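These are the residues of each chain, in order.
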Amino acid sequence: MATDMTAQSYGDVNLEDPVSGRELLIRGNHDFHYVTEAVCSVAEMKLLDTPKPWVFGWMLAVSVLAFLGSLILYLIWEGVGIWGNNNPVGWGWPIVNFVFWVGIGHAGTLISAILYLFRQKWRTSINRYAEAMTIFAVICALVFPGIHVGRIWLAYWLLPLPNQMDMWVNFRSPLLWDVFAVGTYFTVSLLFWFTGLVPDFATLRDRAQHKVAQVLYGIVAMGWRGSQRHWNHYEKAYQIMACFSAPLVLSVHTVVSFDFAVSQLPGWHTTIFPPYFVAGAIFSGFAMVQTLVIPARAWLGLKHIVTIKHIENMNKIILLTGSLVGYAYTMEFFMAWYSGNEYEGFTFINRMFGPYWWAYWIMMSCNVFSPQFYWFKKLRTNITFSFILSIFVNIGMWFERFVITVTSLANDFLISSWDYFVPTWVDISMFIGSFGLFFTLFLLFVRFFPVIAIAEAKSVMPEADPHYHPPHDDHPAPAAAASA
Amino acid sequence: MAKPPRTWGLLAQYESAADIYKACEKVRDAGYSKWDAHTPFPVHGLDKAMGDKPSPLPWMVLGGGLTGGTFAMSFMIWVNAFDYPLNIGGKPLASVPAFIPVTFELTVLFSVFACFFGLWFLCRLPQLFHPAFANKAFARVTDDKFFIIIEAADSKFDKSNTRTLLEQTGATLIEEVED
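Sequences listed follow chains A and B, in order.
Residues 2 to 485 in this note's numbering are what the first sequence lists, from first letter to last.
Residues 8 to 186 in this note's numbering are what the second sequence lists, from first letter to last.
Mixed in with the good hints, there may be bad ones.
Computed cross-link-like contacts, DSS-like style, restricted to lysine-lysine with a CA-CA straight-line distance of at most 30 Å [to be verified]:
| no. | chain 1 | residue 1 | chain 2 | residue 2 |
| --- | --- | --- | --- | --- |
| 1 | B | Lys41 | B | Lys166 |
| 2 | B | Lys55 | A | Lys237 |
| 3 | B | Lys60 | A | Lys122 |
| 4 | A | Lys212 | A | Lys47 |
| 5 | B | Lys41 | A | Lys237 |
| 6 | B | Lys60 | A | Lys237 |
| 7 | A | Lys379 | A | Lys304 |
| 8 | B | Lys29 | A | Lys212 |
In short, the hints are calculated from the structure, not lab data.
Owing to the predicted nature of the structure, the values given are computational and were not obtained by experimental measurement.
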């Protein structure tokens, strides 16, 4: 494994671009088979050989998930009074957590769809993680409005189903748009993800040693046999799904922002909300990808596939979207002043210096000030720094939703109804519990799924080009030499 | 009951994308119709080298999208303006701008459904068994090897002639696939 270690550490080195101006996306002198081996070795590990940290992490996550489950039962039994939600803050942590998780769920589809359409080939090394993260984050998000409806056994009233009362839902309400937006987003992301996984499941199926693995991977691979006539349809399908997902991902947080923007409340009733929410969602999503990928690439031994180049590129997007969010915060203030509306003006001064000043300044320093470090290449390409900063961004983006939701509700038009919102222990525990759900799913994914899009990663290697000639024409191609 | 195995086709293995590209051009020019190339990843331009037609999938998706959009808009107008008119703040019942978000979402949803199910329909998948799976070498099609399979059902198929053709294309391994 000595060569393996060199290849590994090679991924951390910041390379100058070689002759053609672009550095290799997969580092080291590898053939296709090497990529297969590197990615599959994680999923193919024997159950008993599972690394201890994974077992510990997964058991911890499952316990936290069980805690969330029992809290949900307690909530159903006792009612929403166990939360801090009360007049005037009727939308407390549940909506904050919902928006937080949906926001995180944006990076996956952005990476897989928008970067795909822009031919950003570097995405192939990270898109699978990001798509998985999207799906699990959206599941976490869906928990909160689901249990927030109060009488949870009537949650199906969210859907336009024919019923004996002859009643229908109100399609003119943004809350219903949200049901459709998030529901569609989840379904489309899942189908997109699954489509991408099929050829890689086939790889795992063909290599499986154990009967159970062979059957299970065989079922999900659906009999994929790499047929060119299939690839022809497949590539078209992938392209089309990307084309639909790109506007979809922008629409989801737009619709989420309508929940706020369509209301009359100062601080919510602004037209800047949709683009501002989308920028924030991409920002938080990329931060979460960093938080997950940086440890995962080290533990799974995939440093040469997810290289420093990928981390730097994501940091650039974090810098861009963080600055966009900062611009939106500033513009909100300007508009509040420029509108001449005293309620609007008060709300923003109150956000900055009112009872929730601490939340506002946590948000500002994490989301606007901290990404500015990424103007420096030294910091952009520092892995430890990137990891720490990504955690700050995650914290900042949770506080952004807290600031928007709570400050506007706590101090609105009528001074006599003002109150200071305090969360209960259940609020806090449920938020922590949602991380249990997220990591339970994510760790299972990392252990049993192909964490890198194998087929796609191969297709960005130079040998994948049918007009590629190995450096010495009198020798066989590298792939042939390795297998001979 | 055991019938003697029949030849289902001939399988040829190639080592690189460049090799199978040239081989496909030769098999295409020889006039075969029931044959296929199998690769670990989509090789660009291989559809042309094989003379494969463009996928009809976009038309299916167009159909799905139009269905979704039309259904969403007309359903919402029927529900909120005719079947269950509910006066909310005196706002118009058939409010087209308010119906746009859901129309958009359902257009996307139906399109993607058409795309997803259309894809597997066109590929005739799931099909868990295929004669080629019985071949040991073929297991590396999802790893790093490239294959051409010419079916015995092809009218031009002739065991020795077809084998000679495949040999000329630079195949590193040629085996019979049995049914």
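Here's how the hints hold up against the structure:
1. Annotation: proposed proximity of lysine 41 of chain B to lysine 166 of chain B holds, straight-line Cα distance about 14 Å (limit 30 Å).
2. Restraint check: the Cα-Cα separation between lysine 55 of chain B and lysine 237 of chain A comes to about 15 Å, which is no more than 30 Å; the hinted pair holds.
3. At roughly 26 Å between alpha-carbon atoms, lysine 60 of chain B and lysine 122 of chain A fall within 30 Å of each other, so this suggested pair holds.
4. With a C-alpha separation of about 13 Å, the suggested pair lysine 212 of chain A and lysine 47 of chain A falls inside the 30 Å cut-off, and the hint holds.
5. Of the pairs offered as hints, the one joining lysine 41 of chain B and lysine 237 of chain A holds, with about 22 Å between alpha carbons and a cut-off of 30 Å not exceeded.
6. Between the alpha carbons of lysine 60 of chain B and lysine 237 of chain A the distance comes to roughly 12 Å, so the proposed pair stays at or under 30 Å and holds.
7. A C-alpha spacing of about 19 Å is found between lysine 379 of chain A and lysine 304 of chain A, which places the hinted pair at or below 30 Å, so the restraint holds.
8. Straight-line distance between C-alpha atoms of lysine 29 of chain B and lysine 212 of chain A comes to about 38 Å, which puts the hinted pair past the 30 Å bound.
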